[in-house]
Each structure stands twice: as C-alpha cells, then as structure tokens.
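Between the sequences and the hints, there should be enough to build the whole structure, so can you do that?
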Amino acid sequence: QITLKESGPALVKPTQTLTLTCTVSGFSLSANGVGVGWIRQPPGKALEWLALVFWDDDKRFSPSLKSRLTITKDTSKERVVLTLANMDALDTATYYCARRAPTGDIDYWGQGTLVSVSS
Amino acid sequence: DIQMTQSPPSLSASVGDTVTITCRASQDIRSFLAWFQVQPGKAPKSLIYAASGFQIGVPSRFSGSGSGTDFTLTISSLQPEDFATYYCQQYDTYPWTFGQGTKVEVK
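These protein sequence lines map, in sequence, to chains H and S. Quick note on numbering: the working numbering labels position 12 of the first sequence as 12, and the sequence is numbered without any gaps. Quick note on numbering: the working numbering labels position 69 of the second sequence as 1069, and the sequence is numbered without any gaps.
Everything labelled a hint here was simulated from the structure, so no lab data went into it. Don't be surprised by glycine CBs; every beta carbon is placed ideally from N, CA and C. You may find that some hints are simply not true.
Said to hold, decoys possible - Chain H side only, calculated, beta carbon under 7 Å to chain S, not exhaustive:
id	residue
1	46
2	49
3	106
See the structure below:
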C-alpha cells in the first residue's frame, strides 16, 4: 500500500524558512521513473505545483518560486524534504506531497498539512 | 507556462445526474492530462491519467476524453460522495499547471 504523509510546522513567521517533510511508504524513492513532488493550495484557491525530485535526483521547480525553493530526498529514510525561504502571508496554504508514477502522472497524494504565515 | 482553463467554475447537480467538466490547454499537450478530486480534509484523489486512463480503484462512472488542447471529465450517475472540486492538470511540460477547479455542488 502506497502512502505519503506530510509533516512540518503549522505556523511560521514572515521571513522565516519553511521546512516540510514527506515520509513515504509502499514504494522506493529510487525506483526507476518515480518522483515525489509538492503542490500547495491557498485557502479558497486552486492547486499550484511547486517542485519535483526524480528517482535519479534530477529536480524541477516552479519558475516563479525557484529562487526560494529547495527539494532533497533521502532514500534510506524514505523522505523528501522541501524548504521554502522568506515566507510571506501569501504562502499560507495546505501543502501536499504526491507521487509521480513511472507513467509521468501523479497517482498518490498525501493528506496535506496546513501552514499559516503570521507574526 | 501552459494555461489550463476549466469550465464551468461551479455547477449544481443532483444524485443520479450526469455532469461534464471541460478543460482547455493553451497549447497542445497531447494526452498528458490528469483529473483529480479534492474534498475538504481529505487527500486529493487521482481519477484519470493520460486523458482517459483510470487510476486504480476509480469507479467506472468517471470517464475522461480528449487530446491536444480540449479535454472532458464526465461523471455518470452522480453519487453523494462525488460532490467535490475537480481539477485538471497538464504534465506534458514543466512547470506542471492546474486548472482553476470546478466545484460540483448539491442542487
């Protein structure tokens, strides 16, 4: 059974760096063709893709956020970590991690974690 | 970036109805189109990949069609658990982009 679970702070202050962890089970982060990505959804708004790390450690980022994002994976710990620097109120959102299947599409999602930005 | 335009933004329907949601891409994305269901407090659910392929466990009342720039999600015989917001997403080109969503509400 494939599962993904996000963890991280519920509240961060403006200008701080957000660090979120996605812990996966039921598949290997090094399996050929697999990736793990992050998507967010501000309250009342649409989904927005942020970043993706592939099985071979290749990475892709949203151009509008690239300068603020990092994504890393630790295959032995079955974790993917996203950092978003210089947080602002506009970054308040539910953050999801999701699996990119070898077919290229997203097939499984985590439950999501709500992150609020406030002083 | 490829823009994904969904319509309608919302619709009202009753259990048993058939509903159709459309998604248009700003350029050719071949068949690299997915559909997702999002409900408050739940993990989003992947429904359709490659425009018309079923994800594991998705009921057959959901179906997808289209290629190139125009795509459709159809839900036949709407069930109570289907009231949700639906999103299309292109994965032909990075950055991945989503439509603005279609909220299916109870009439």
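Hint check:
1. Interface restraint check for residue 46(H): the shortest CB-CB distance to chain S comes to about 5 Å, inside 7 Å, so the restraint holds.
2. The interface hint given for residue 49(H) is met, as the beta carbon of that residue sits about 4 Å from the closest beta carbon of chain S, less than 7 Å.
3. About 6 Å separates the beta-carbon of residue 106(H) from the nearest beta-carbon of chain S, less than 7 Å, and the hint is met.
Hint compliance for this structure: every hint is met.
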